[in-house]
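*Asks:* In case you want the letters, here they are:
Protein chains: 2
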Amino acid sequence: MMRAKKRVTIKDVAAEAGVSYQTVSRVINNSRRVTDETRLKVMGVIEELNFRPSFAARNLSSQRTNIIGLIVPYSADYLIRDPHLLAQISGIDAEANANDYNLLLSTAGNSEDGIKAYNRFLTQKVADGAIVVETANSTTGNDMLAKQDDPYVVIGYDIFNSNGYMAHSDDHQGAKEATLHLIEQGHQRIGVINGPATGAIRTSHGRLSGYKVALEMAGIPFEPELVVGGNYTRLSGKRATEQLLALDTPLTAIFALNDRMAIGAIQIIQKHGLTVPQDIAVVGFDDIPAAVDFTPSLTTVRQPSRALGKTAARLLFKLIAGKSVENHEVVLPTELIIRQSS
Amino acid sequence: MMRAKKRVTIKDVAAEAGVSYQTVSRVINNSRRVTDETRLKVMGVIEELNFRPSFAARNLSSQRTNIIGLIVPYSADYLIRDPHLLAQISGIDAEANANDYNLLLSTAGNSEDGIKAYNRFLTQKVADGAIVVETANSTTGNDMLAKQDDPYVVIGYDIFNSNGYMAHSDDHQGAKEATLHLIEQGHQRIGVINGPATGAIRTSHGRLSGYKVALEMAGIPFEPELVVGGNYTRLSGKRATEQLLALDTPLTAIFALNDRMAIGAIQIIQKHGLTVPQDIAVVGFDDIPAAVDFTPSLTTVRQPSRALGKTAARLLFKLIAGKSVENHEVVLPTELIIRQSS
DNA sequence: TATTTAAATGTGAACGTTCACATCTTAACA
DNA sequence: TGTTAAGATGTGAACGTTCACATTTAAATA
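Residue numbers (this note's numbering), protein chains in the order written: chain B, 4 to 345; chain Y, 4 to 345.
Hints listed in this document are in silico derivations from the structure and should not be mistaken for laboratory results.
Warning: the hint list may mix true and false statements.
[As the list claims (entries may be wrong)] In silico DSSO-like links for lysine-lysine, alpha-carbon gap of 30 angstroms or less:
{"hint": "1", "chain 1": "B", "residue 1": "K326", "chain 2": "Y", "residue 2": "K274"}
{"hint": "2", "chain 1": "B", "residue 1": "K215", "chain 2": "B", "residue 2": "K274"}
{"hint": "3", "chain 1": "Y", "residue 1": "K274", "chain 2": "B", "residue 2": "K241"}
{"hint": "4", "chain 1": "B", "residue 1": "K9", "chain 2": "Y", "residue 2": "K326"}
{"hint": "5", "chain 1": "Y", "residue 1": "K215", "chain 2": "Y", "residue 2": "K274"}
{"hint": "6", "chain 1": "B", "residue 1": "K321", "chain 2": "Y", "residue 2": "K9"}
[Claimed, not checked] Label-pair restraints from in silico Cβ distances:
{"hint": "7", "chain 1": "Y", "residue 1": "K9", "chain 2": "B", "residue 2": "H331", "range": "26 to 32 angstroms"}
{"hint": "8", "chain 1": "B", "residue 1": "N53", "chain 2": "Y", "residue 2": "I223", "range": "37 to 43 angstroms"}
{"hint": "9", "chain 1": "B", "residue 1": "E245", "chain 2": "Y", "residue 2": "V334", "range": "43 to 49 angstroms"}
{"hint": "10", "chain 1": "B", "residue 1": "S327", "chain 2": "Y", "residue 2": "A18", "range": "56 to 62 angstroms"}
{"hint": "11", "chain 1": "Y", "residue 1": "N164", "chain 2": "B", "residue 2": "T298", "range": "41 to 47 angstroms"}
Ideal placement from N, C-alpha and C gives every residue a C-beta, glycine not left out.
Model the full structure from these sequences, guided by the hints.
*Replies:* Listed below in structure tokens is the structure:
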């Protein structure tokens, strides 16, 4: 790990090219105001000396880092089970790359770590802005964000900041379509495996309201006993399904608010000797890779995960650039994917 | 986006506390050489003024950023299908957090982006070091890394740098155990769905050699026709299985070098009206979440993904700290998980 | 050709720390 | 009580850029 050899700086380039170092700075930053001739000369020297601008010096001087922070309040074991997240990250990363931004990641498992990450990212000016992925187990920490000056965007709903910026899919519409699809198939008694009472509340709310509106449209009365709580894990889907199957009046379809719970539901239904979709139809939400791999393959509402990431990033870049953004809430359309389970 | 209010600096704190700003610096950095009394006083003022050190200024002065770069040469659509990666990232992130390091991510899809990421991360000194996740489709770009001074660690094999540092699981041993397990079950003709001829070559090589050694131990001759190429996707597993099923002398077991191909294999076997494991047993490698969800659940070799991430990060931190690391290659043990498919 | 104007380049300061070194203070010893 | 050494604090410089402004140069106008 020898350190030794001195770094090539903007001044070395300037000396070699016979210009002031500020001119070199202009060349680096593609500023107008430079003759093609000098630009070419400087770029030649840059190449020759293999000059690379110092990230730190740039940051200090310009007061920007070209880094955006990504705060993902996931626990490690949960993380591995959510393919959507990677798609979102990939979308954010692609957009960041395109805009010459770097992506700083924190998979802060608990709220304390989340606050630590938030501190590092924004208060210390490591990042120019942040994207927060709202998850089922994220509540704490986000409220800290609402209190500070730097721009941030929530993928999901920003329940702590009425003036916040967010991007999410059309949960209401997606759920409505899914429910209408089941109704079209002749189902009247449709159970719902709901999200948890805490965490990403508005996601569940949106989907549940979509379900209710669909019932209303079909003139089917809403029955509270058909809605059972889950927490977006497969296990909770299983438990909820046991409850639903134990109802006095049997149901003919289940709408789970995400795919993992839907898969859990199918497993329990099959365990009870029933067939999907003949005895009970099942519809999920998300369209994770497992949805198509599973037997029977899962009818589900596809979320545009990658687009969500891109959208959030684009929104954030606008905010960082100081452009005014009129629309604080970007809602992306979902798509009903009909497969075997319904 | 008003900027306006001036940042609280180390000098403001110093003035308020009645000490020199260098002393404040000492307090921030937990340097010895400070009386408890002044330390307390300074910390009080820091709290009072809500001072947060400037990341950029620190970087410039100390010539370190406390950032490590993570280069993941994945294409976006592949990314979402690899749960292992998230586990590795989570391990790296946890270790980074513990050491007050930040994690800069690049999911550079193609080689050009990869080189761009490498440039940003290391040449511009955005990061103090990097972790590269070797993947099936990563070859280009890594050779650039070998040529530079800053420390980096490969998760997988560093085929471009004979003096490089790497962390990976014991592919040979894992494959050997998997094959021996099949042999113990009475199988003699065991097909292999191999990795691709390019990309993460040494991973496949290690696993294949484990398979061969197991055969040798059992006195079973190796037959090249039993080894068919794949590229770690489910689709390629399906194709390979079609080939294997078409062999003149039928086989009774298939060892796929990863889980996704194993799942593809099972689907094709079932499509041919055969049963797993009665007609043909299947073993995979990785232990992705789907392995246990699938019916029949998949016997597989579990990789310690998260530990791999942690190990790589620890190794990198040692290198960054300038400590000499004797062992360039850390090999982590795998675990055979026996389930229904064998 | 003299004059105005715009574009190109140069100048000095600032960004907020850490580091190596100099000086001051305090306690321990003779 | 004077001397010494260690520990605590202060000092100046350096890290490598960008920014606002000043100056020079070249082009356009009268």
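*Asks:* Does each hint hold? Answer for all of them.
*Replies:* Hint-by-hint comparison with the structure:
1. K326/B <-> K274/Y: 56 angstroms, violated
2. K215/B <-> K274/B: With a Cα-Cα distance of about 29 angstroms, the restraint between K215/B and K274/B holds, given a limit of 30 angstroms.
3. K274/Y <-> K241/B: OK: K274/Y and K241/B at ~28 angstroms, within 30 angstroms.
4. K9/B <-> K326/Y: 22 angstroms, holds
5. K215/Y <-> K274/Y: Judged against 30 angstroms, a Cα distance of about 29 angstroms means the pair holds.
6. K321/B <-> K9/Y: 23 angstroms, holds
7. K9/Y <-> H331/B: 26 to 32 angstroms: Since the Cβ atoms of K9/Y and H331/B sit about 29 angstroms apart, the hinted range of 26 to 32 angstroms holds.
8. N53/B <-> I223/Y: 37 to 43 angstroms: 56 angstroms, violated
9. E245/B <-> V334/Y: 43 to 49 angstroms: 44 angstroms, holds
10. S327/B <-> A18/Y: 56 to 62 angstroms: For A18/Y against S327/B, whose Cβ atoms are near 37 angstroms apart, the range 56 to 62 angstroms is violated.
11. N164/Y <-> T298/B: 41 to 47 angstroms: With Cβ atoms ~45 angstroms apart, the hint holds.
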